[in-house]
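Engineer: Here is what each chain is made of, one letter per residue.
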Amino acid sequence: MTELMNQSELSKHIEALLFATGEPVQLARLAEILSVRIEEVQASLSLLSSHLNQGIILVHNGTQVSLATPPDTAETVAKLLGDPEDREVGQAGLEVLAILLYQGPTSRSTIDYIRGVNSTSSIKTLLLRGLIERVPESGGREMVYRPTIELMYHLGTQEPEQLPDFTVLRDKLAAFSNRQESVTPTSL
Amino acid sequence: MPEFMVRVGTFDGPLDLLLSLIEERKLYINEISLGSVTDSYLTHISSQEQVVPLGETAQFVLVAATLLLIKSRSLLPTLEISPEEAGAIKELEDRLRRYQLVKQGARLLERQWGTKPLRLPARARIVRIPVFTPYGIQLQALVDSLRALVTLLPTESFRETATVTPLVSLEEMIDRLKHRVLSSVRLRFSEIKSSERIEVIVQFLALLELVKGGFVVAEQQMPFDDILFETEGVSTPRYGV
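Protein chains in written order, with our numbering: chain X, 2 to 189; chain F, 8 to 248.
Source of the hints: derived by calculation from the structure; they are not laboratory data.
The reader is advised that the hints may include incorrect statements.
Claimed, not checked - Far from chain X, by Cβ distances over 12 Å, these chain F residues were calculated:
{"#": "1", "residue": "PHE165"}
{"#": "2", "residue": "ARG166"}
{"#": "3", "residue": "GLU167"}
{"#": "4", "residue": "THR170"}
{"#": "5", "residue": "VAL209"}
{"#": "6", "residue": "GLU237"}
As the list claims (entries may be wrong) - With a Cα cut of at most 20 Å, we get these calculated PhoX-like pairs of lysine-lysine:
{"#": "7", "chain 1": "X", "residue 1": "LYS173", "chain 2": "F", "residue 2": "LYS110"}
{"#": "8", "chain 1": "F", "residue 1": "LYS97", "chain 2": "X", "residue 2": "LYS173"}
{"#": "9", "chain 1": "F", "residue 1": "LYS185", "chain 2": "F", "residue 2": "LYS219"}
{"#": "10", "chain 1": "X", "residue 1": "LYS80", "chain 2": "F", "residue 2": "LYS123"}
Stated by the list, open to error - Over 12 Å on every C-beta distance to chain F, these chain X residues come out as not near it, computed from the model:
{"#": "11", "residue": "LEU48"}
{"#": "12", "residue": "GLY140"}
{"#": "13", "residue": "GLU143"}
Heads up, the beta-carbon is just placed ideally off N, CA and C, and yes, glycines get one too.
Same shape as in the complex, but just chain F (with noise of 0.2 Å):
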């Protein structure tokens, strides 16, 4: 079968060899016809010259090996095989027919490949107009126009700021104070202590002014204790300053 030794090693697999061995004599499927291509089968797979991977080799031998089987069967009908046997045979046959439906599958699909393929819709793009082209601009032009606009921008300016806070001074204070002491007779200086600790200090001098100029008299028990002021002669009350 000189045919087959040009298409050594273009089978895939055993399936694939042994089916077309099958189809090339127009036969169907069976335990006759697996019988009838054996030797073909066995020819091939020792004719190989190709190195195969030993995984697909051995694919190869284990239909060879079901194949002689078959073929004992029909030459030898009295020969009994065991049910795994049966079995093995009746799976190589399954796996062909299976295999052929693929193929016939391959071929309904090759035959359309490609030829209509469908167009998915294309993005639409947008394309943006520039506001304005620059038309032949150099560096140094750049650099000269940036140049002018620096000297137009505004600078920042510093401007020195302090807080100031209304202070009441010594003379207003002394006559706020004079008119209350007048008015109420007695008092603490913590009825009238401000919460302030500036305006505290200008109270004090106060007092102490009014004190030293005769209008109050001052007393404390002790230290840090309450200072308690009186106007002069505090029982003959007297009007005005």
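Chain X extracted, bound-state conformation (with noise of 0.2 Å):
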């Protein structure tokens, strides 16, 4: 690849990729075939999103992207395919669900201390069923877990800032994060 490419060249060729491929792809595999840097994949995403027909759309959850027909399209698209295999996450997963989703990449012992109860089971379950991965924290020894871009699929959400009241709660919950900083959780 050339170093000349601008961004509609390099839209164009992520959504070549994305389309023969019709799986998740990295954002860094992504960058390494088009040898572009990551910042400049994510770059051109959006003009990629406006450009896709009404038909197609872009789902990322940050280090992944894809394309995925839109939610609005969910019932017709069910008529050719079948309904998707989608069982329940049940109430503690989905409270684990939103932390990771609201508040961003938390760390199990976090995730316990927020629920005042212990998570791991519940984890565990998002983890095998692939909503769910465990990461190193950025710039961290600690391991924290964060939404896949298969649980967007789930939620019919092209990102988690989509979600409904994303802001709103992502803003309060960070205002509780900010102050336990200082704060060693001394019960879970």
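Dock chain to chain to rebuild the complex, using the hints, since each chain is given by itself in its own frame.
Structural biologist: Printed below as a string of structure tokens:
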């Protein structure tokens, strides 16, 4: 790939790659294939998103990206493909997902502290179902959990930011986590 | 409070229980509301019949201790509490407010969970049409065909091969040497010696023949020394053989 590739060229190539694979692709992988920085890939995603046809949307969770059908076509697509197997996640699971989606990547001990109860089994179930993943905290030594792109499909959301009341809940939760940064959780 | 008895064990930890007690009464989270639900909370955990892990029980008891502190303070306004205890009360309130937000988020997620799922592009399957479809093939027919085919196969044949190197005949060599000795009059064996071992033998035999035939005289100073040849009567060159 040439270094002279501009953003519209880049977005064209990303669209071709995503179309050709039909699967979610790591942003880092796209950057590697196209010989550009991840930031450049991210920058051209919004351009690509605006250029896509109405029947195709771009989904991403911050690290992975894929093409998908838009939520308002779900019923129509289900007539052709059938309903996806979509089991409930349960109250505890939903709470863990809410923490990870609205607050961001979180460690197990913090999840336990917020919920006031041991969340190990809920986390394990979500991991097994591919809805969350365990990664090293950026620049930290702790392991944190974060939402996968698959979770976005189940929720019918292009990105976490488009979840209902996202900004309100995120800001309110951020206020708590900032306050508790200095306090070491004594109890769970 | 009989209705609470039914729900024993369905609460996911002390915060879940406490929050539901407060929300049931449509109260805000503060010291007053916490004090007012303390009795219900205690009734709950004391009536818990299910065996819960010790760690879980400890969490319930820990929260109960803070609630009792709050309750005592509301009953005895003069009660002095330490900064640490005040911190514990504050922390419990904060945790409840935070948990309330998480539950709010969880409800939002639940509402749209799986209702409008996004679908990934299905990988296109390329169906290859087979070149020919064998019909009614029996094992015996296959074996017969294969046998017939085998008889048609060319058989590998062996042909004996040997490498033949052209050799110089003795007569030829005698002729050649005679000519050379006659033309150069005097000759050393080392000068005409071929690099081929087999030719050297032929040359030597040829020279012996020449000596025998009286065409040349051979002279060797000592064994293995060079052999000097000259035509008979060096002083009177002869022309022609």
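Engineer: The structure should be examined with respect to each hint, and the outcome stated for every one.
Structural biologist: Results of checking the hints against the structure:
1. PHE165: Label holds. Min Cβ-Cβ 56 Å, cutoff 12 Å.
2. ARG166: The assertion about F:ARG166 holds, with a minimum of 57 Å to chain X.
3. GLU167: Holds: least Cβ distance 62 Å, greater than 12 Å.
4. THR170: Check passes; 59 Å lies beyond 12 Å.
5. VAL209: At about 74 Å from chain X, F:VAL209 clears the 12 Å cut-off, so the statement holds.
6. GLU237: Holds: least Cβ distance 86 Å, greater than 12 Å.
7. X:LYS173 / F:LYS110: Holds, at about 13 Å.
8. F:LYS97 / X:LYS173: 17 Å, holds
9. F:LYS185 / F:LYS219: 12 Å, holds
10. X:LYS80 / F:LYS123: Distance of about 13 Å is within 20 Å: holds.
11. LEU48: 20 Å, holds
12. GLY140: 24 Å, holds
13. GLU143: Correct as stated: the minimum Cβ-Cβ distance to chain F is 19 Å, above 12 Å.
Figure legend: structure checked against the earlier numbered hints; every hint is met.
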